[in-house]
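A.B. asks: Residue-level listing of the chains:
Number of protein chains: 4
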Amino acid sequence: MKLEKYLKEFTITITPRFYETDALGHINNIAITAWFEVLRVRLLESLGSGAASVAKNWVLASIAMDYIDETFYGSDVTMKVTGLVVGNSSLKIQCQMMQGDRLTVRGTAVLVHLDIDTKKPRRIPDELRESVAQL
Amino acid sequence: MKLEKYLKEFTITITPRFYETDALGHINNIAITAWFEVLRVRLLESLGSGAASVAKNWVLASIAMDYIDETFYGSDVTMKVTGLVVGNSSLKIQCQMMQGDRLTVRGTAVLVHLDIDTKKPRRIPDELRESVAQL
Amino acid sequence: MKLEKYLKEFTITITPRFYETDALGHINNIAITAWFEVLRVRLLESLGSGAASVAKNWVLASIAMDYIDETFYGSDVTMKVTGLVVGNSSLKIQCQMMQGDRLTVRGTAVLVHLDIDTKKPRRIPDELRESVAQL
Amino acid sequence: MKLEKYLKEFTITITPRFYETDALGHINNIAITAWFEVLRVRLLESLGSGAASVAKNWVLASIAMDYIDETFYGSDVTMKVTGLVVGNSSLKIQCQMMQGDRLTVRGTAVLVHLDIDTKKPRRIPDELRESVAQL
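Residue numbers (this note's numbering), protein chains in the order written: chain A, 1 to 135; chain B, 1 to 135; chain C, 1 to 135; chain D, 1 to 135.
Derived by calculation from the structure, the hints in this document are not laboratory data.
Note that this is a predicted model, so its numbers are computed, not measured.
The reader is advised that the hints may include incorrect statements.
Which copy is meant is left open, so a pair is good if it fits within one copy or across any two.
[Said to hold, decoys possible] Straight-line distance between alpha carbons at most 30 Å, and here's what the computed DSS-like set of lysine-lysine pairs gives:
#1 K5 <-> K119
#2 K5 <-> K80
#3 K2 <-> K80
#4 K2 <-> K119
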């Protein structure tokens with residue numbers, strides 16, 4: 001309930017950059033995939049993971065993006081988390097991106113929490129679980 | 001049959017660039033997603049689509065990537081097409097990426113062929129179908 | 001005078017993105033060069049050039065960057081224009097970038113205004129000169 | 001003399017990537033700046049610096065690029081070192097880029113060799129000097 005509310009309000013705003021525009025005035029797909037990473041990192045940080053931990057402890061296992069409508073240069077987009085599933089060592093994050101009132105992209109990423117030394121999956125720390133629980 | 005053989009041999013080689021390396025000496029996921037676009041564009045070109053047509057007539061509808069193992073700076077990767085499904089107006093391309101003898105990434109992309117003027121999906125041209133058929 | 005004041009206040013804020021971080025936790029130089037383009041495009045837009053015109057009429061002739069101090073992930077930077085010289089067909093833009101109270105980068109770019117058809121340099125339009133004059 | 005010959009032959013070939021193309025079918029300037037980094041890193045590696053050392057011991061102090069002519073998608077470019085000046089702790093690298101028989105870009109970069117711990121400039125190691133001397 002609280003999580004739902006928290007996520008509902010967890011939003012980042014991205015101002016598309018001119019160099020992210022492709023030959024037809026759209027934002028290119030690679031830039032959008034990169035923005036989704038911005039969202040994920042900010043979410044992890046907001047849940048208590050420092051930047052160093054983000055870099056060292058979390059690896060991206062998979063990503064899936066649906067490009068539903070065109071995204072243009074010239075107006076901001078908002079990205080928000082629409083789903084968060086905390087597994088044992090994995091974290092599934094769903095997002096959507098709006099430009100104005102148009103839904104342009106939906107994405108899902110699965111991150112795995114790693115033990116740095118052994119490079120094996122490792123249980124997501126209780127602090128992060130609690131951060132999520134307290135939302 | 002021939003298609004299978006063609007695809008089997010359709011390979012591009014990418015030399016990872018230093019700036020594509022992340023904090024831990026791995027190649028970052030965004031760079032790999034970008035390389036997959038290189039593969040798709042080269043495939044379309046090899047099937048007879050010129051660069052202008054690639055930019056104007058094809059849009060990416062979805063992408064899914066599985067990051068199976070780490071990709072490092074310092075040795076080339078090879079990317080190849082492992083599946084190609086020609087629909088009415090859509091093209092599904094599956095790929096895999098190896099670094100040495102390790103499979104590091106698998107990906108699937110769905111492209112849609114567009115009518116530039118109406119921006120509606122449009123039947124994939126016969127020439128491309130024939131290119132595929134003649135493989 | 002007014003120009004000086006305008007430029008003094010013309011500032012953009014960039015939040016470094018995690019994927020722009022290099023192996024040592026610094027922002028990589030290529031990202032900073034890209035941010036400088038963001039500043040230039042915003043400046044041209046603020047002087048009345050639309051995005052289409054920015055893409056078609058202006059080419060970058062040269063760029064020079066001095067990386068004075070490290071820029072880190074985790075806090076915003078501000079970029080501002082510190083000099084603007086309007087020539088016949090060229091525009092020289094100087095900028096500096098601060099992170100907190102540290103000056104980290106200085107840059108200079110020379111843009112040339114082009115006639116799209118002939119691809120020859122072309123006098124910078126009076127409207128833009130007037131925009132600058134009215135500052 | 002030998003150095004001149006070595007540098008004359010030190011060339012890297014870059015195949016422009018489709019996503020590096022801007023709105024007008026040119027390669028964008030940021031991509032070219034990134035390619036110049038590829039050249040510098042390869043040069044350092046060829047002079048005996050490992051990738052780890054490149055990341056940790058060398059920082060970019062300044063860069064200057066002249067975009068002399070357009071670079072297009074669709075044909076390879078070659079980049080070569082046209083000058084190398086070994087200072088006490090700094091290294092100045094000049095390069096040029098050709099696409100076919102057209103000179104499209106000239107660039108200069110100054111790198112500084114750092115002591116990792118103190119972050120102070122540090123004399124360029126004799127091994128690298130000898131590598132250069134033996135060219």
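A.B. asks: Regarding K5 and K119, is the shortest C-alpha distance of 30 Å or less found within a copy, between copies, in both, or in neither?
C.D. replies: neither (34 Å within a copy, 37 Å between copies)
A.B. asks: 30 Å Cα cut-off: does K5 pair with K80 within a copy, between copies, both or neither?
C.D. replies: This pair counts as within: shortest intra-copy Cα distance 12 Å, inter-copy 38 Å.
A.B. asks: Pop the pair K2 and K80 into one bin, within, between, both or neither, using alpha-carbon distances up to 30 Å.
C.D. replies: Answer is within: at 16 Å inside a copy they meet the 30 Å cutoff, but 41 Å across does not.
A.B. asks: Is it within a copy, between copies, both, or neither that the alpha carbon of K2 lies no farther than 30 Å from that of K119?
C.D. replies: Neither, since 33 Å and 41 Å both go past 30 Å.
In summary, the numbered hints that this structure violates are 1, 4.
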